[in-house]
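S.K.: Numbering of the sequence shown is given in my numbering, commencing with residue 7 and proceeding in unit increments.
Read the hints as simulated data drawn from the structure, not as lab findings. Do not take every clue at face value.
As the list claims (entries may be wrong) - What follows is a list of derived Cβ distance ranges for each label pair:
(1) Tyr74 x Ser515: 38 to 48 Å
(2) Thr101 x Thr374: 50 to 60 Å
(3) Lys246 x Ser387: 33 to 43 Å
A quick note: this is a predicted structure, and the numbers were derived from the prediction, not measured. Here a beta-carbon is modelled for each residue, glycine too, at the ideal position from N, C-alpha and C.
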Amino acid sequence: MRKREMGRILALISLFLLYVALAVQVFSFSFGHSLCSSHDSIALLQFKQSLAVADYPLLNYYDFFCPYSYPKTTSWNRSSMDCCRWDGVTCDRFTGHVIGLDLSCSKLEGTIHPNSSLFQLRHLQTLDLSLNNFSLSHIPRGIGQLVSLMHLNLSYSMFEGGIPLEISHLSNLVSLDLSYLFHLQFSQEGFNMLSRNLTKLEVLSLSLVNISSKIPMNVSSSSSLRYLDLGYGLHGEFPKSIFLLPNLETLRLSGNYDLTVSFPKFNWSSSYMLTELDLSHNNISGGLPGTLGSLKALKLMNLHWCNLVGPIPESIRNLSQITQLDLSYNHLESKIPDAFSNLQKLTFLALDGNAFTGLFPSSLVNLTKLEDLGLSDNSLSGPLPLTANRLQNLYRLVLSNNSLNGSIPSWMLSLPSLIELRLESNHLSGPLPEFKSIGNLNSLLLLNLSHNNLTGHIPVEMKKMSTLEVLDLSFNQLTGKIPEELTSLTFLAVLNLSHNHLVGPIPHSNQFNTFPDDSYFGNSDLCGFPLSNECGHHKSASVPELLVEQEEDEPSFLTEMTWKSVLIGYGCGLIFGFTVLYLIYCFERPRWFVDFFATITNELTYRTKRRGQRRRNFHRRRH
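Please construct the entire structure, taking both the sequences and the accompanying hints into account.
M.R.: So this is what it looks like as structure tokens:
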């Protein structure tokens, strides 16, 4: 009996020691030795040598997309042959084979050839070459050799030409991102083969890829799809069954002007996973269906510029999770429904450019999370609500080009987060509101109250809007003098007080020395620089003395150097401006930023030209 027990004990001890030995071996193998396959290490070094590392200029747009970019391949060298420790490389813990390669934002430049050593990494599961510059070369056909690949990202990488059919051989692909390859073309044959062979795809992103074909019907049977973003150029009929893919969370079809989309008339209850729907800039027949309310998980819906007609259905109240809703620039009509009061998570609402009628919708006043509200270019009428104290998070309010009347309520000029307020082209009347709380407007950049019937004086308290960059009070009935205190608005870049009944001298200091004469046109009793109407015999009122002395005394070479500096600055500004616009276009920033940036750019360019002309005319008058 004792021998049996001792035997069992010894057996258990042996098993335990064997387990410990195996654990130590696995641990030492994982952490104490090089895991990298020598074959893969050599292949990576050869791939590194086939490409260059670019030294992009400061304002290159790659630097904006990748603020922390660096050339990852610089850590790849023969002195450290353990490629698993190299930047961007991931290895299998047990075999040592390279299974992941992330070279995004690595400043790589050149051409990947079909026989590149990259395609010797047969165990590769993830390949990310996004945000590099492959010099408008073709996507290499050798990519079809990476049969284990599950994730492929080539977005923003400057490839051109056709998409090789070999990609459709990668039957294990789960995600494919070819977005923002502007010069890439997708044939009908390629699209058909891709959708037929890549049955495991969960993510397909072809944003801004020139597809120029119809959507294959077998896309609608891709039940694993979670994210579908198809670029421009699609035509024909959009398969309604795609709306009903059971796992679809994001559907983006923006910019396919020749694609005809019809909403399904049956219930969308099978689309309960859908959280983002972007059909903007498409041709949608008909109006918004009542079944839209069944998309209860929806958080973002963009139907901007889709030719929609009819009213907004009451069922929209069921979209209780939605945070961003854009129905702007369609042909929607009738009153804005009270159902909006149920959308308490809404932060962005754009209903501009429709044919909505009635009063300012009271249903919007209680949306406490609302940040951006656009109701411009409609037929809204009547007075603005007297109170809307719950809109404390509002940073943009645009009600321009309606038929609103009555006075401007004081709450509009006491919103603490407000950046942009536009009420132009309405029938608003009465004096500007009391500015007792105007100190709260510490963030206001743009104020446009033009083309109304406002009366009274320009309040001195407007000087407290210290961040203001654009002020337009033109085409009103304002009287009195321009407050001298407004010269303290040192960030003011655009000023328009034209076509009022203002009187007296134009203030001269800071930014006011830079505004063109058309900022003051239509005020017959205004005088002083930059207008030709002088103020009595006070020379200082006609033109700033400092400006005259500088223009008379500065030597010609200094003037020449000054204008060279201006041209250099202007060139840098253009580069920066186009970069910002490109970013806005690519990342779809809110429309208010595009409008605001365009306003600033146009006004500053025009003002620079007018200022040069005004100075030349001034010298002619003096001589």
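S.K.: All hints, please: hold or fail.
M.R.: A quick look at each hint next to the structure:
Hint check: Tyr74 to Ser515, Cβ distance near 43 Å, so the stated range 38 to 48 Å holds. Remark: the range hint 50 to 60 Å for Thr101 to Thr374 is upheld by a beta-carbon distance near 55 Å. The beta-carbon spacing between Lys246 and Ser387, approximately 38 Å, falls within the hinted interval of 33 to 43 Å.
In the structure shown, no violation is registered for any of the earlier numbered hints.
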